[in-house]
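A.B. asks: Under UniProt numbering, the first residue of the sequence shown is numbered 1, with each subsequent residue one higher.
Fair warning: there could be bad hints in the mix.
What the hints assert, rightly or not - Derived Cβ-Cβ restraints for the label pairs, each shown as a range: (1) Pro-80 x Gly-44: 14 to 22 Å; (2) Arg-194 x Pro-2: 17 to 25 Å; (3) Pro-30 x Phe-67: 21 to 29 Å; (4) Gln-173 x Ala-151: 21 to 29 Å; (5) Gly-44 x Ala-214: 13 to 21 Å; (6) Ala-6 x Asp-174: 19 to 27 Å; (7) Ala-150 x Val-23: 35 to 43 Å; (8) Pro-69 x Asp-161: 31 to 39 Å; (9) Ser-201 x Arg-3: 46 to 54 Å.
What the hints contain is simulated information worked out from the structure, not anything from laboratory work. Note that the structure is predicted; figures quoted are calculated from it, not measured. All C-beta atoms, glycine included, are put in the ideal place defined by N, C-alpha and C.
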Amino acid sequence: MPREPAERVAGCCRDYTLLTVSVLRERGLPARSRVGFAGYLAEGYHYDHVVVEVHDGARWVRVDAQFEPGWLPFDTCDLPRGGLEGFATAAEVWLALRSGEADERTFGVHPGSPFAGTSFVFDYVIRDIAHRSGDELLLWDVWGAMHGEAAVQEAEARWMDELARLVVAADAQDAAAVQELARRYARDDRLNPRGRVVQASPYGLPDVEVDLDACAPA
Numbered sequence: 001m002p003r004e005p006a007e008r009v010a011g012c013c014r015d016y017t018l019l020t021v022s023v024l025r026e027r028g029l030p031a032r033s034r035v036g037f038a039g040y041l042a043e044g045y046h047y048d049h050v051v052v053e054v055h056d057g058a059r060w061v062r063v064d065a066q067f068e069p070g071w072l073p074f075d076t077c078d079l080p081r082g083g084l085e086g087f088a089t090a091a092e093v094w095l096a097l098r099s100g101e102a103d104e105r106t107f108g109v110h111p112g113s114p115f116a117g118t119s120f121v122f123d124y125v126i127r128d129i130a131h132r133s134g135d136e137l138l139l140w141d142v143w144g145a146m147h148g149e150a151a152v153q154e155a156e157a158r159w160m161d162e163l164a165r166l167v168v169a170a171d172a173q174d175a176a177a178v179q180e181l182a183r184r185y186a187r188d189d190r191l192n193p194r195g196r197v198v199q200a201s202p203y204g205l206p207d208v209e210v211d212l213d214a215c216a217p218a
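Use the sequences and the hints to build the structure in full.
C.D. replies: In C-alpha cells:
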C-alpha cells in the first residue's frame, strides 16, 4: 500500500530479500535467501549483497528484489550465473580468492571499509550457509567460526575451502553435496548459531548477545 515517507520502513538488501522470500513461500513456492557479492552495483567493486532464490520446478532462479525489471542491463528476475561481475555466492568468491582469480580488496561493504577482504568473505560463507538452510540472520549477527577483522589461519582456510566447494556442488544440484551440507550445518557449532548470536551494530552501538529462541513468535 502507498505510504507517506514518514510512515515507510527503510531496509537493506537482506530485508527486501526476506520480504520477497516470505511472499513466495506464502504462495507455495520454495524460496530462500543467498548471501554473496554483487559486481553490478559499481564498477570495479563487489558490494556485499543478498538475493532471492526461488525454485521454478526445474532449477533455483536468482532474483534481485531491489531492482525492477529493466533497471539493469540484464534480467533481475533471473540473474546470470558464472563469473564475479554478476551475483556470486560467498562460497564462489572464497574459491576465487583462494585460487588467485580475484582481489580481496574489491569485496566488502564499500571501498575503504574495514569490513572487507578475505576474513569478511570467510564470515559471509558461514552466513550464506545459514541463509541457505533457512536461518535468515542479520548481516551483522556473529556466531560460530566467524572472524570479524582477524586474519584467517591456514588450517581454517583449508576447512573453508572444503566447505565452499561443498556449497558450490550443492548449488549445482549434486544430491550428495546437498545432504552433506545439511548434515554439517546441523552438527557443526562453527556453522550453526544454535539459537544464540552476538549482534553487532551498524551504528557503532555496543554488541548485544541475542537469544533467538526468545525472539521467536509463540
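A.B. asks: Compare the structure with each hint and give your call.
C.D. replies: Going through the hints against the structure:
no.	hint	result
1	Pro-80 x Gly-44: 14 to 22 Å	19 Å, holds
2	Arg-194 x Pro-2: 17 to 25 Å	41 Å, violated
3	Pro-30 x Phe-67: 21 to 29 Å	22 Å, holds
4	Gln-173 x Ala-151: 21 to 29 Å	35 Å, violated
5	Gly-44 x Ala-214: 13 to 21 Å	43 Å, violated
6	Ala-6 x Asp-174: 19 to 27 Å	49 Å, violated
7	Ala-150 x Val-23: 35 to 43 Å	38 Å, holds
8	Pro-69 x Asp-161: 31 to 39 Å	37 Å, holds
9	Ser-201 x Arg-3: 46 to 54 Å	26 Å, violated
Of the numbered hints given earlier, the model fails hints 2, 4, 5, 6, 9; all others are met.
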